[in-house]
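Below are the chains, spelled out letter by letter.
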Amino acid sequence: MNASKNLSAEELRFIDGFCKKKDIKYVDLRIELVDHLAELVLARQEKFPNENFKDAFYAVYKSYGIFGFLDVAQEHESQMQKRYWREIWRYTKQWLTPPKVVLTFALSIGLYFILDTFEALRYPSLILLLALFGLSIGLTVMQFLRNKKILNGEQSILMGGAHQGFFWFIYVFMQIPLRLVLRGDELNLHPGLLTPMLVITIIFGLANYFLQEKAKTQLQDLKAQML
Amino acid sequence: MKSKRYIKGFLEDIVLHLISENEEMYGYEMTKKVQEITNGVITVTEGALYPILHKLENENKLSATFKNESGRMRKYYKLTPEGGKTVTTGSTELAEFFAGMQQIFNLKPATK
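Going down the list, the sequences are from chains A and B.
Going by my numbering, the first residue of the first sequence is number 1, and it counts up by one from there.
Going by my numbering, the first residue of the second sequence is number 1001, and it counts up by one from there.
Okay, chain B solo, but in the shape it has when bound (with noise of 0.2 angstroms):
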């Protein structure tokens, strides 16, 4: 499936939410989190998720810090207060944006 042209706007969401549920996460660990969750109907690339975790970094939703793990450096984000606001909002307009968009589309759940 074609998720490229779908998950652009919704990439925000979608990082804050995987942080907010899981403590602290690192780059990579996210792109799995999401092929695993999705069944591998949704990939994030590497090309879209850093500038995306930089942006939140910028704005002060996300915080990082560099670990070493055996030898390995890796940075990892944590959510801010002002980024634990975001999730909060975010989730209830996204339930709204869907239950919108069901009412448009008629959706059914896919079937394998």
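The shape of chain A in the complex, shown without the other chains (with noise of 0.2 angstroms):
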């Protein structure tokens, strides 16, 4: 597989620059895409030697007809926001075994009980509830950016499904705190629409870190490998 002849580093910057400019941003897509059209480039100017690099290259472009690279880019999105669900599943699951589940069930009820007996507390579990989504908010953002930098400004497939899969769930899930704190009607402050909120919360931000430092992780390793 042409395993003895390769591209100048010049030529493979020149196609992975190509991949971004054809909206390929993530790292590791691009990785994949610039291996493979490296290796189409090359059993080109086997069969036609005298052909130049860039000719060989638009000639191999050429043939993923009009719409190049969208579909691998626009089945890849899709792929991905079903990775950030399915990774944050995952991490659910691990959640999930039994000395966990009984202590969060143990936990919840506790909870439910509290907020049902003290009526006073149900408002501050709610002002609770919003301040655990902007923390949770804010540490996404800081683990971004700081795994922004891992590669220089490079983004990861994981990172990209984690920070639009969790802004949805945000923009989704906050809708219901907001508006109670809004209204400011104590009737719908019903410590069964409070405790599984605050849980769900808790779980959901935990899975999201998680999720995070796995994208760190992956940039790390693609940077040890590329010195």
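Everything labelled a hint here was simulated from the structure, so no lab data went into it.
Predicted model only: the values in this text are computed from it and were never measured.
Backbone N, C-alpha and C fix where the C-beta goes; we use that ideal spot for every residue, glycine too.
One should not assume that every hint holds.
Said to hold, decoys possible - Examples of chain B residues toward chain A, derived with CB under 8 angstroms:
hint : residue
1    : Met1030
2    : Glu1046
3    : Gly1047
4    : Tyr1050
5    : His1054
6    : Phe1066
7    : Asn1068
8    : Ser1070
9    : Gly1071
10   : Arg1072
11   : Arg1074
12   : Lys1075
13   : Lys1078
14   : Pro1081
15   : Gly1084
16   : Thr1088
Claimed, not checked - Cβ pair distances, simulated, as ranges:
hint : chain 1 : residue 1 : chain 2 : residue 2 : range
17   : B       : Arg1005   : A       : Asn152    : 21 to 27 angstroms
18   : A       : Val102    : B       : Pro1081   : 24 to 30 angstroms
19   : B       : Thr1080   : A       : Ile127    : 30 to 36 angstroms
20   : B       : Glu1082   : A       : Leu151    : 15 to 21 angstroms
21   : A       : Thr217    : B       : Thr1038   : 34 to 40 angstroms
22   : B       : Thr1038   : A       : Ile137    : 48 to 54 angstroms
23   : A       : Ile137    : B       : Phe1010   : 39 to 45 angstroms
24   : B       : Asn1106   : A       : Pro49     : 32 to 38 angstroms
Take each chain as given, in its own frame, and dock them per the hints.
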């Protein structure tokens, strides 16, 4: 598979830059496409030895049709979203082991009874819920910015999925407590609503944290390989 | 031959089977291998291959590692234990399916 031959570093950088311009923004996907295109260019140069690199490259790219990499990029985008939710579910499942489930359930019941008995604590617990949301958003943004620095601004698929999925969750899920705060309606501050919301927010926040940490490890491994 | 029409439903099985026979593989290698084995009758395009690879990776049937090969980064895919199980059950199902197809169409081997 053209094992002995390779394109020059400059030619590889050209393909990488070309893919970037074609909206392949995630470094891990681009690595795959650059490798694939490089192999196709080498195969073409073997067939047409007098063709220079750029002519060979554009001939290869032309074979992708008028939509170019659009198919790959779009498919990838939808896979990324699914991946995010699968990863979140995977972390959540790790949490769902017997002792942790019992502990979570016991704490949830305890929280429910506290909120049921002391009505005065319901509004502060709503504020706590919003604070947890805020903390989770802040932490995610910090992790995202830190991860971006690892490969000089490059983003990985995991990071992309994480920030899109996370903010979608926040946008949808936050509507309930925000509306409750704005209405200030004590009747709606039922412990049966507040308790699961607090528990889900904590579990989701933790799962999201671990996912960003996984993205960090992935980028660090990539960096080590690139050196 | 217009294999594109038929290949979509089998691509996942093809990919898993190829990797199970080669320990680890990268994208371009898979497209070449399919072409080589089938004498060009079946071609796998990048547009079809990479989404399937990423889907299988997401489903934890494949794991991926990046390697630097003389200055060029490459992503290799390997079967996970879960992917191994899919290959085993998939092979049996495919054999049954093709036996059924054989009975419907009374297929004869293609001659050149």
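To see whether the hints hold, each was checked on the structure:
1. Residue-level restraint check for Met1030 of chain B is violated (minimum Cβ-Cβ distance to chain A is 10 angstroms; threshold 8 angstroms).
2. At about 6 angstroms, the closest approach between the beta carbon of Glu1046 of chain B and any beta carbon in chain A falls short of 8 angstroms, and the interface hint on this residue holds.
3. Using the Cβ-Cβ criterion of 8 angstroms, the hint placing Gly1047 of chain B at the interface with chain A is satisfied: the shortest such distance is roughly 4 angstroms.
4. With 8 angstroms as the threshold, the beta carbon of Tyr1050 of chain B comes within range of chain A, its nearest partner Cβ sitting at about 5 angstroms, so the hint holds.
5. About 5 angstroms separates the beta-carbon of His1054 of chain B from the nearest beta-carbon of chain A, less than 8 angstroms, and the hint is met.
6. Look at Phe1066 of chain B: its Cβ gets to within about 5 angstroms of chain A, closer than 8 angstroms, so that hint holds up.
7. Annotation: Asn1068 of chain B was flagged as interfacial toward chain A, and the flag holds, the nearest CB pair being 5 angstroms apart, inside 8 angstroms.
8. At about 5 angstroms, the closest approach between the beta carbon of Ser1070 of chain B and any beta carbon in chain A falls short of 8 angstroms, and the interface hint on this residue holds.
9. Because the beta carbon of Gly1071 of chain B sits about 6 angstroms from the nearest beta carbon in chain A, less than 8 angstroms, this interface hint is met.
10. The interface hint given for Arg1072 of chain B is met, as the beta carbon of that residue sits about 6 angstroms from the closest beta carbon of chain A, less than 8 angstroms.
11. This hint holds: Arg1074 of chain B has a C-beta 5 angstroms from the nearest C-beta of chain A, less than the 8 angstroms allowed.
12. The beta carbon of Lys1075 of chain B comes within 5 angstroms of a beta carbon in chain A, closer than 8 angstroms, and the hint placing it at the interface holds.
13. With a cut of 8 angstroms, the hint placing Lys1078 of chain B at the interface with chain A is violated, because the nearest CB-to-CB distance is about 15 angstroms.
14. For Pro1081 of chain B, the shortest C-beta to C-beta distance to chain A is roughly 15 angstroms, which exceeds 8 angstroms, and the interface hint is violated.
15. Hint on Gly1084 of chain B is violated. Least Cβ distance to chain A is approximately 19 angstroms, over the 8 angstroms limit.
16. With a cut of 8 angstroms, the hint placing Thr1088 of chain B at the interface with chain A is violated, because the nearest CB-to-CB distance is about 23 angstroms.
17. Against the hinted window of 21 to 27 angstroms, the Cβ-Cβ separation of Arg1005 of chain B and Asn152 of chain A comes to about 44 angstroms, which falls outside the hint.
18. At about 29 angstroms, the beta-carbon gap between Val102 of chain A and Pro1081 of chain B stays in the expected band of 24 to 30 angstroms.
19. Thr1080 of chain B and Ile127 of chain A have their C-beta atoms about 44 angstroms apart, which leaves the hinted 30 to 36 angstroms range violated.
20. Evaluation of the 15 to 21 angstroms hint for Glu1082 of chain B and Leu151 of chain A yields a failure: the beta carbon distance comes to about 29 angstroms.
21. Distance hint for Thr217 of chain A and Thr1038 of chain B: a CB-CB separation of about 39 angstroms, consistent with the stated range 34 to 40 angstroms.
22. Between Thr1038 of chain B and Ile137 of chain A the beta carbons are some 51 angstroms apart, a value that agrees with the proposed interval 48 to 54 angstroms.
23. Distance hint for Ile137 of chain A and Phe1010 of chain B: a CB-CB separation of about 44 angstroms, consistent with the stated range 39 to 45 angstroms.
24. Evaluation of the 32 to 38 angstroms hint for Asn1106 of chain B and Pro49 of chain A yields a failure: the beta carbon distance comes to about 48 angstroms.
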